[in-house]
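Number of protein chains: 2
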Amino acid sequence: MKVYTEAQVKAHYHMTDAIEDIEHLFKNMDAVSQTTRVVIPTGEGAKSMLYMPCVHLGKQQGIIKITSITPENPQHHRPTTQANIIITDLQTGKHIASLDGSYLTRLRTGALSGIASKYMSRTDSQTLGMIGTGGMAYEQLLGNIAVRPIKKVLLYNRTVDKATAFQARVSEQHPDVDFEVVTDVSELVKRSDIINCQTQSLTPVFNADDIQKGTHINGIGSYRPEMKEMDNRLFPHASQIVFDDLEGVKEEAGEFIEADEKGLFSFDQHDDDLKSLSLNGQITRHDDSITVFKCVGAAHFDLAVALGAWDKLNSIEND
Amino acid sequence: MKVYTEAQVKAHYHMTDAIEDIEHLFKNMDAVSQTTRVVIPTGEGAKSMLYMPCVHLGKQQGIIKITSITPENPQHHRPTTQANIIITDLQTGKHIASLDGSYLTRLRTGALSGIASKYMSRTDSQTLGMIGTGGMAYEQLLGNIAVRPIKKVLLYNRTVDKATAFQARVSEQHPDVDFEVVTDVSELVKRSDIINCQTQSLTPVFNADDIQKGTHINGIGSYRPEMKEMDNRLFPHASQIVFDDLEGVKEEAGEFIEADEKGLFSFDQHDDDLKSLSLNGQITRHDDSITVFKCVGAAHFDLAVALGAWDKLNSIEND
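Top to bottom, those sequences are chains A and B.
All letters in the first sequence, in the order written, are residues 1 to 319 by full-length UniProt numbering.
All letters in the second sequence, in the order written, are residues 1 to 319 by full-length UniProt numbering.
Chain A with its partners taken away, still in its complex shape (with noise of 0.2 Å):
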């Protein structure tokens, strides 16, 4: 067995891979077989393994991702959820490789966003707004720099600091992007033609009231029915609102979960997702529409992922 790390990984595999990845693997997904994850706790709270696996037919190869959930891990600076992938050939049956899985796990959610506003958001959508810079932040904005023009990015965190060394961080990578902070989440919303959150707040981080017409937004943040990250009194305002997996969002998103009991929305009247979406290509929409994407992640945008990057690392290797 070959093992890859998190630098290795990104030195090879990048978010224009994984988007196309992702794509690819919509057209294809009658070869794919999952099963529910499975998850054991491990200690108080949040702390859990969850395993998450996964098969292509067609290609015979099939992945696993498990991932360790520490809730008190970034006291020792460490962080809290680490992930790994092991490939196995289902042709063989040998287990061929062992990926890091963390960077994949953030590609892939930032490549799922990409997707939503590469076919929901306006073309000409030039400023991102993004609530929450923590850990999945960086990919949520590769994300959408990949499919729209994005010339100014909007960054708003709870503990500001964080916000402004994000910015540092990302302003030297990016120097055609103009990066700004901001404080007042308001302001955020109104000035955005895509908001991203990426947050685990258990309360809305935007009033619905502040969202302008034809205003793009994917929420990254709730994946436990407790967590509710966006304002659902949106959610009536929506023209089309579109999961990764609706199967996923009815047991973890919170704020659809509590919409949908409230009557704001109905998880009976909807069946669109994202490989509709993207088989279908760009949706018809006016330019004062709201669009929503919600994503809570699934086994098979592992698959993707895992499957593209080590064909990648292996062709390096061969070369």
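Take these hints with a grain of salt, some might be off.
Below 16 Å or equal to it, Euclidean Cα-Cα: the simulated EDC-like pairs (lysine to aspartate or glutamate) are [said to hold, decoys possible]:
1. A:K2 x B:E317
2. B:K2 x B:E317
3. B:K94 x A:D311
4. A:K213 x A:D124
5. A:K94 x B:E6
Source of the hints: derived by calculation from the structure; they are not laboratory data.
Remember, it's a predicted structure, so these values are computed and weren't measured experimentally.
Based on these hints, arrange chain B on the given structure of chain A.
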């Protein structure tokens, strides 16, 4: 992540370690948490991926065993079953090691038969009869040798050549034991104090009428409902029947599922497992009792040996 090959694990972790570690875990089963195993079919017939996660909350270490089943592999001189075990440190959340799991699976299965023989067979058992000399056989031999003063081993295999090849290999490794290939399974059954079956047979590999009083039988072969290795007409004559894992046997062990249906045996009246046997010590048996152990495997046995092997490998490296 550190990667350990089969040869490395084999060099530092042995049968006596496995028996000790499994019996030690029996005393700490309250600290173990596991889910039912996850199976994803990946092709024709039995071709599939198996995932068995298990965590030790006390030690704060978790494992998942990832197994590929590739039925067409023997044609290509590759093993049907290939396992890999990933160990996660739950304290830090780090994925710390990848261990080849094929040897560890064979070893823990041999250790389970060893533990059963240790507590159930006559203490003066000297003759071991082995039915099936395939991939699992060697560690089954080791398990019995570790606990009883075995002087004679009778070997039976459907293809005699394979029994002869096995004899040649083990004779060299165990010069103090006399190995004899027999072509008549009845003869083997009648002459053995302990009978150990490791086949994938769909029909009984011995005739219940041949079983002598005072015999102990280990059956490790039937792991699917269609497999019926042991002649279940024997079960009404057994003074004690013990399982490694009742729930697993109910779902997988063909001869017991059939016996329960036919009224030869009842799962409802059964509560003997290897754990209570190990905790209570040697059973009271008459010299003429017939006893049976049936093993299908479970994730906590893999946990015991994987963590034990990791401890050894890690301590050697830190020397």
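Verification of the supplied hints:
no., hint, in the structure
1, A:K2 x B:E317, "20 Å, violated"
2, B:K2 x B:E317, "11 Å, holds"
3, B:K94 x A:D311, "25 Å, violated"
4, A:K213 x A:D124, "14 Å, holds"
5, A:K94 x B:E6, "13 Å, holds"
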